[in-house]
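Enquirer: Chain by chain, the residues run as shown.
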Amino acid sequence: NAGVTQTPKFQVLKTGQSMTLQCAQDMNHEYMSWYRQDPGMGLRLIHYSVGAGITDQGEVPNGYNVSRSTTEDFPLRLLSAAPSQTSVYFCASSYGRASGNIQYFGAGTRLSVL
Amino acid sequence: SQQGEEDPQALSIQEGENATMNCSYKTSINNLQWYRQNSGRGLVHLILIRSNEREKHSGRLRVTLDTSKKSSSLLITASRAADTASYFCATDGGSSNTGKLIFGQGTTLQVKP
Chain A
18 NAGVTQTPKF QVLKTGQSMT LQCAQDMNHE YMSWYRQDPG MGLRLIHYSV GAGITDQGEV
78 PNGYNVSRST TEDFPLRLLS AAPSQTSVYF CASSYGRASG NIQYFGAGTR LSVL
Chain B
-18 SQQGEEDPQA LSIQEGENAT MNCSYKTSIN NLQWYRQNSG RGLVHLILIR SNEREKHSGR
42 LRVTLDTSKK SSSLLITASR AADTASYFCA TDGGSSNTGK LIFGQGTTLQ VKP
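Chains A and B, in that order, are what the protein sequence lines are.
To convert a position in the first sequence, counted from 1, into the numbering used here, add 17.
Anchor point for the second sequence: position 37 equals 18 in the numbering used here, and the numbering is continuous, going up by one each time.
By construction, these hints were calculated from the structure, which means they are not laboratory data.
Treat the hints with caution; some may be incorrect.
[Unchecked claim] Just a few of them, taken from the derived set where beta-carbon distance is under 7 Å, the chain B residues facing chain A:
1) Glu(-2)
2) Leu24
3) Leu82
These figures come from a predicted structure and were not determined experimentally.
The beta-carbon is built from N, C-alpha and C at its ideal position, and this holds for glycine as well.
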């Protein structure tokens, strides 16, 4: 099993550009989440999903969109990139409530917005 | 705002010593988890403790939970250089069916050989 796969690993954008960060998991997990990690801030939840077709906002959702058309995939879209979105982005998945929501993380995407 | 706050922010010890990290949180919880993050990598789950448990062990890890004080501690015994990493606590904020996990800011541990 590959686990949670994030692509790309690195990305540089110009202000105003849009892009999609990809996340795929092969563990048949119901729950998936996107976090951003900034120095000294820990991880902050952007959006999450408890199943295909169901998404909800986390702590810092502004400027990001998500969709969950399949169990496996949970892409994160930056609509119009801003320098404040420079960060490391992590996708995670879990079996959900039965497992206590223990999360499995991808390796991260390092994004710089110039 | 962050649910969990960790203390200390940074810790430096010698190999073989014990390392203790503390986490405080604000709301009721169903469970609390600890994760490790090696530099430049994703987080890895270490241990989960449920709200009705007071202590849990896993190898060299010992976690305690005091729900009356809304706090938890992670003890790593006989530390090794390979334990050098950042450690995060995470809680479900009392809603285990929402998929939300709220992380603290983390403790950076350096174990000197």
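Enquirer: Are Glu(-2)(B) and chain A close enough, Cβ to Cβ, to be under 7 Å, as the hint says?
Expert: violated (25 Å)
Enquirer: Could you check if Leu24(B) really has its C-beta closer than 7 Å to a C-beta on chain A?
Expert: holds (5 Å)
Enquirer: Would the stated hint for Leu82(B) survive a check requiring a Cβ distance to chain A of less than 7 Å?
Expert: holds (6 Å)
Consistency note: the structure conflicts with earlier hint 1 alone.
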